[in-house]
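Novice: Chain by chain, the residues run as shown.
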Amino acid sequence: MFYFEKRQQTPGYLKALIPIISLLLGLFIGALAILITGINPLLVYKGLFLNAFGSWYAFSETLVAAVPLILITSGLIVVFRMNVWNIGAYGQYIMGAIFSSYFALFASNGLSKPVMLTVMVIASMVGGAIWALIPTLLKIFWEVNEVITTLLLNYIALYILKFLMYGPWKNPSSYGFPLSKTFPDTAILPIIFKGTRLTIAIIFALLAVLVVWFLIKKSKFGYEVRVIGDNPLAARYAGISVNRNIIIGMAISGALAGLAGMTEVSGIVHYLQVKIGADYGYTSIIVAWIAYLDPLITVLASVLFGGLASGGYSIQITMRVSYGIVGLIESITLFSLVGAQIFLNYRIRWKNGSS
Amino acid sequence: MAHHSIYIVLFANTVKAGTILLFPTIGEIFAERAGILNLGVEGMMLIGAFVGFVVAYTTKNPYMGFLAGVLAGGFASLIHAFISITLRGNQIVSGLALTIFGGGFTTFYGQKWINMTLTHTLTPVKIPMLSSIPYIGMIFFNQDLIVYLSYIVVFVMWFILYKTRLGLNLRAVGENAKAANAMGISVYKVRYGWTFFGGLLAGAGGAYLTTAYAPFWLDGITAGRGWIAIALVIFAMWDPVKALVGAYLFGGINALQFQLQATGTTIPSAILNMLPYIGTFIVIIISSIIVKTRHIKPPKELGIPYIREEK
Chain P
288 MFYFEKRQQT PGYLKALIPI ISLLLGLFIG ALAILITGIN PLLVYKGLFL
338 NAFGSWYAFS ETLVAAVPLI LITSGLIVVF RMNVWNIGAY GQYIMGAIFS
388 SYFALFASNG LSKPVMLTVM VIASMVGGAI WALIPTLLKI FWEVNEVITT
438 LLLNYIALYI LKFLMYGPWK NPSSYGFPLS KTFPDTAILP IIFKGTRLTI
488 AIIFALLAVL VVWFLIKKSK FGYEVRVIGD NPLAARYAGI SVNRNIIIGM
538 AISGALAGLA GMTEVSGIVH YLQVKIGADY GYTSIIVAWI AYLDPLITVL
588 ASVLFGGLAS GGYSIQITMR VSYGIVGLIE SITLFSLVGA QIFLNYRIRW
638 KNGSS
Chain X
160 MAHHSIYIVL FANTVKAGTI LLFPTIGEIF AERAGILNLG VEGMMLIGAF
210 VGFVVAYTTK NPYMGFLAGV LAGGFASLIH AFISITLRGN QIVSGLALTI
260 FGGGFTTFYG QKWINMTLTH TLTPVKIPML SSIPYIGMIF FNQDLIVYLS
310 YIVVFVMWFI LYKTRLGLNL RAVGENAKAA NAMGISVYKV RYGWTFFGGL
360 LAGAGGAYLT TAYAPFWLDG ITAGRGWIAI ALVIFAMWDP VKALVGAYLF
410 GGINALQFQL QATGTTIPSA ILNMLPYIGT FIVIIISSII VKTRHIKPPK
460 ELGIPYIREE K
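Top line first, the protein sequences correspond to chains P and X. Mapping the first sequence onto my numbering, position 2 (from 1) lands on 289, and the numbers just tick up by one. Mapping the second sequence onto my numbering, position 111 (from 1) lands on 270, and the numbers just tick up by one.
Hint data in this document are derived by calculation from the structure and do not stem from the laboratory. Fair warning: there could be bad hints in the mix.
Unchecked claim - Calculated pairs, DSS-like style, for lysine-lysine (alpha carbon to alpha carbon, straight line, at most 30 Å):
#1 X:Lys271 - P:Lys562
#2 X:Lys451 - X:Lys401
#3 P:Lys293 - X:Lys451
#4 X:Lys337 - X:Lys219
#5 P:Lys293 - P:Lys504
#6 P:Lys638 - P:Lys302
#7 P:Lys449 - X:Lys401
#8 X:Lys348 - P:Lys638
#9 X:Lys456 - X:Lys271
#10 X:Lys271 - P:Lys293
#11 P:Lys638 - X:Lys337
#12 P:Lys293 - X:Lys348
#13 P:Lys457 - P:Lys562
#14 P:Lys333 - X:Lys337
#15 X:Lys337 - X:Lys271
#16 P:Lys333 - P:Lys302
Unchecked claim - Now the stretches of chain P that chain X is said to cover, found in silico as 3 or more residues with beta-carbon under 8 Å:
#17 424 to 432
#18 438 to 446
#19 449 to 460
#20 565 to 577
#21 608 to 617
Computed from a prediction, not measured in an experiment: that's the story for all the values here. Just so it is clear, CB atoms sit at the ideal spot from N, CA and C, and this is done for glycine as well.
Same shape as in the complex, but just chain X:
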C-alpha cells in the first residue's frame, strides 16, 4: 500500500506540474492559430505568477490571486498585440521584448517579496464519486479547483476550435487572412482577441505556479517554463488535446525531479534540473521531424502581419 501511494503522489504531482504548462500551451496554440507568434509566454507567466502571488498574499485568498494573475497576463499580452497587429512589428523581437519586460517588471517590484510564503494556498477539493475510482480518482479528481478548470478548458477549447463558427473564423484568419477578410471576418479583432486569450492563459499558468505548486516568491520563479510551453505547441501540432499529453509528460519530469530530490539521490541536482530542458530539446527535434515528414503545416500566416488595403 505504501509502495502504491508513492506512485499516486507522483502522478498527482504530475497533473499539478502539468497544469502550469497546460494553460500557457493552450493559450499559445490559439494565438498561433490566429497567426500571432507570441514569444513572450515566459514574461507573461512571470507577471501572472507575481501578480497572482501578491494578490493572494494580501487578500489571503488564492482564488483572487489566481484571477488577478490571469488578468495581468492578459494585459501584458496586449502590448505584444498592439505592436504586432496594429503596428505590424516583428513578432519575434516584440515577443522577446515581452519576455524581457516580464523579467524586469517582476525583478523590480518583486524585490521586497523575495522568499515570502503564502499562508493560504489552493487546496484539493475531492469530487464525489469520481474521486473514489481506484488510482484514477486520487490522481485526477482529488485536485484543486483550478486543475478541474484546466480539464474544462481543454474540452471547451477543443470544441470551439473544431465545432464552432468562432473556431472556423480563427482558423481562417491563421490560414489566409486576406480570404478571411473577404468573408467579412475582422482579422484585427480575431487576432487581438486570441492574443489576449493567450495572455490570460499564460497568466493562469504563472498564477497557478505561485498559488498552488510553489507558493512563495523567487526571482525568475517560472524558470523557463514559458519556453517549454512554446515548444509544446509544436509537440501538440496546434491541437489542445495533444497539448494535454505534452503538458503532463513534462509535468511528470518535473514531479519526478522533485520526488528524487526530496528522497535524496546521488544524481547531482544540476543534472536533475537540466532534465526538463534536455527533454524539451529532444521533443522539439522529434516533433519538428514529424511535422516535416507528415506535412503537418503550422498556421500558414504565423508571424506575418496583416495589412488591410485602404481605399
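Okay, chain P solo, but in the shape it has when bound:
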C-alpha cells in the first residue's frame, strides 16, 4: 500500500511540471478517444495545431478566442482566491452582450464612435456586474450556495437572450434566424491588425490583466483577498470585512465577463445572436486553475486554450472531428490538475504488507 507523507518543501520544478503533464495527459486521453473512432489522432492533432498556431492568420484566430478568456479569467482569479465560486461567467458574459447591444441597437443616434463604444463598454460591465451581484448578495445575506445560483443564472440569462432574439429584438429580415439587426458602424470595435479579426479588445484584455495583477499583488484589497483565502475566520479577527471584499471581487469578475460579451458582439459578430461564447465560461475555469490563479500566467494559458478552442472549431469543419474532443481534453487536464495538487504538499511513500 502507498501513503502520503508531508513534504518539508515544495520543489519548484513540480509547480511548473504539473500543468505541462496535465495538458499532455489531456491530449493523450483525447488521442485514445479519437483512436477508438478509427481516426488517426496524430492527423487530428496536426490539423488542430496548424489551425491554431500554423500561420499568422490561424494564430490571430487563436488570439481572438484568447481575448474573452483573458478577460473572464482575470476576473475569476480574484474571487477564486477567496474560495468564492463564480461558475456564472457565461451568464454574465451574455448579460454584458445584451446590455451593450441595447445601446448599439436602440440608442446609437447622433453618438460618435468613441462615445458609443465607451457607453457600450460601461453598459456591458454594469450588466455583467449586476448578474454577478445577485448571487453574491444572496450568498452574503442568506448563505445561498453561489455555485448553484451562478450556474442557474447562466441558463436564465441564456433564455432571456433567446426570448429577445426570437421576440422583441429579432431582425425582421433575418429569415427566421434568431439574431438582431446589424450594429451601426459606430458600435463596432476597430480592427488593429488588417486582415484579421483582432480588435482593440486585445488592449482591453491586457489592461484587465494589469489591473488585476496590480490589485492582487500591490493593493490592500489584494492583501485582504489573500488573507480571506487562507482563513476567513482569521481575516474577520484581523478586522477585514469579508463580505465587502467578496462583493468587490464578484463585481470585478462579473464586469470583466460582461466586457468579454461586449467584445464578442461589438468586435466579432456585429449583431446579437443566440449562439455566443458558450464554452468560455467553463474553459476560463480551467485556464484559471492551470495558471495557479496568477494573472500573468493567465495570458499564456488563455492563448493555449484559445488555440485549442479555435483549432477545435476548424477541425470540426475541415476534418469532421466533433468539437466534443475539446471538452474531453479540457476536462482530463482539469482532473489531472486538481488531482496533482496533493503532490505539491505530499510525496508518495510505499510501505510493505497490506493495511
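Fit chain X to the supplied structure of chain P, relying on the hints for placement.
Specialist: Chain X only, in chain P's frame:
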C-alpha cells in the same frame, strides 16, 4: 371525463419527469451525507443518458439500455471519487471537471447519433388492483417498471439511512470522519461506496430520460437537470422522502411546460423553458433561508477531504 383526463395525463407526466430528477437527487443526497460533494451530476446524467440510449438502440431493449446507463454513471463517478477521496483534491473543481467531461464525451461520441430515435422504449405496466384506484391508480400505478423501481429506491434508501447500521456509519462519516475512523469505520470505503452509488443513480436519471421520457438523442439533452438535482438536495434537506416531493414539484413544472407547448400557447417558448431554472432559483433561496433559520446543518464534513494519520 375528457376534462379530467387532461389532468391525469399531466400528473402522470409529472411523475415521469420527476423520476428523471428523483434518482440523481437521492444519489447526491447519499454522496453528500458521506461528505463528498459531487458537482458532476449533470455530466454523469449526460453519460448515463447517452450510453443508455446507444445500448437501448443497438439491443432494441430499453431495460438493457437503462442498466447500461446506470453503470456508466457509476463508472464516471469513480473519477471524482479517486480525485476527491484518494488524492484529496478540490471537490468543487473536480465535480465541474466531471460535468465538462460528460459534455465533451457525449458531444464527441454522440455526433453520429444526433436526432436518432429509439424504436423500443419503456412502456407502462399496469399494477393489478392498485391501478384501478380512481385518479391515483392512473397517475402512480400505470407507469413503467423504472418508475416503480424509483418508489422502491425512495423507501429502501429512507430505511437504510435511518434504520440500519449502514446508514449510521454513513452519517457518522459525513458528520465526523475522525470519530468514525476511531469507531473502526473505513472512511475511504464508505466515501467511495456512496460516491459510486450517487453515480449509479445519476446515470439512472439520465438513462430514464432517453429510454422513456425523450427517447431520442440530442447534444446536451439533460439540459441542466443535474444542477436542478443538486439544488433539490438542499430543498430536501438531505432526506430521501423530501427529495420525492421536490422531484415531483419540478417534474410538474416540466410536464406543464410540455403540455402548454403541445396545446399551443401565446407564452414565448423561451419564457416557458426558463421556468424550471427560475423555479429552482427561487426554491434554492427559500430552502437556504429555511436551512439557515432552522439551524438544519448540512453534513458537517461536506467537501472536506479526510486524511488518515500514518504511523
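Novice: Now, for every hint given, state plainly whether the structure supports it.
Specialist: Going down the list of hints, with the structure as the test:
Distance hint between lysine 271 of chain X and lysine 562 of chain P is fulfilled; the C-alpha atoms sit about 22 Å from each other, no more than 30 Å. Between lysine 451 of chain X and lysine 401 of chain X the alpha-carbon distance is near 18 Å, which keeps this suggested pair within the 30 Å criterion. Under the criterion of a C-alpha separation no larger than 30 Å, the hint pairing lysine 293 of chain P with lysine 451 of chain X is inconsistent with the structure, at around 37 Å. The suggested pairing of lysine 337 of chain X with lysine 219 of chain X is violated, with an alpha-carbon distance near 49 Å, which exceeds 30 Å.
Taking the CA atoms of lysine 293 of chain P and lysine 504 of chain P, the gap is near 28 Å; set against the 30 Å cutoff, the hint holds. Straight-line distance between C-alpha atoms of lysine 638 of chain P and lysine 302 of chain P comes to about 26 Å, which keeps the hinted pair within the 30 Å bound. As the CA atoms of lysine 449 of chain P and lysine 401 of chain X are separated by approximately 33 Å, the hinted pair breaks the 30 Å bound. For the hint linking lysine 348 of chain X to lysine 638 of chain P, the alpha-carbon distance of about 20 Å falls within 30 Å, and the restraint holds.
The straight-line distance between the Cα atoms of lysine 456 of chain X and lysine 271 of chain X is roughly 46 Å, outside the 30 Å bound, and the hint therefore fails. Distance check on the hinted pair: lysine 271 of chain X and lysine 293 of chain P sit about 48 Å apart at the alpha-carbon level, beyond 30 Å; violated. Distance check on the hinted pair: lysine 638 of chain P and lysine 337 of chain X sit about 22 Å apart at the alpha-carbon level, within 30 Å; holds. A hinted pair counts as satisfied when its Cα atoms are at most 30 Å apart, and lysine 293 of chain P with lysine 348 of chain X qualifies at roughly 23 Å.
Of the pairs offered as hints, the one joining lysine 457 of chain P and lysine 562 of chain P holds, with about 14 Å between alpha carbons and a cut-off of 30 Å not exceeded. For the given pair, lysine 333 of chain P sits about 51 Å from lysine 337 of chain X by alpha-carbon distance, which is inconsistent with the 30 Å threshold. At most 30 Å may separate the alpha-carbon atoms for a hinted pair to count; lysine 337 of chain X and lysine 271 of chain X exceed this at roughly 49 Å. The hinted pair formed by lysine 333 of chain P and lysine 302 of chain P meets the criterion: a straight-line CA distance of about 28 Å does not exceed 30 Å.
For the stretch 424 to 432 of chain P, the assignment as covered by chain X holds, since 5 residues bring a beta-carbon within under 8 Å of that chain's beta-carbons and 3 suffice. Under the rule that three or more residues need a Cβ within less than 8 Å of chain X, the assignment of the stretch 438 to 446 of chain P holds, with 6 such residues. With 4 residues having a beta carbon nearer than 8 Å to a beta carbon of chain X, the stretch 449 to 460 of chain P meets the requirement of three or more and the stated coverage holds. Under a criterion of three residues with beta carbons nearer than 8 Å to beta carbons of chain X, the stated coverage of the stretch 565 to 577 of chain P is upheld, 4 such residues being counted.
Coverage of a stretch by a chain is defined here by at least three residues with a beta carbon nearer than 8 Å to that chain's beta carbons; for the stretch 608 to 617 of chain P and chain X the count is 9, and the condition holds.
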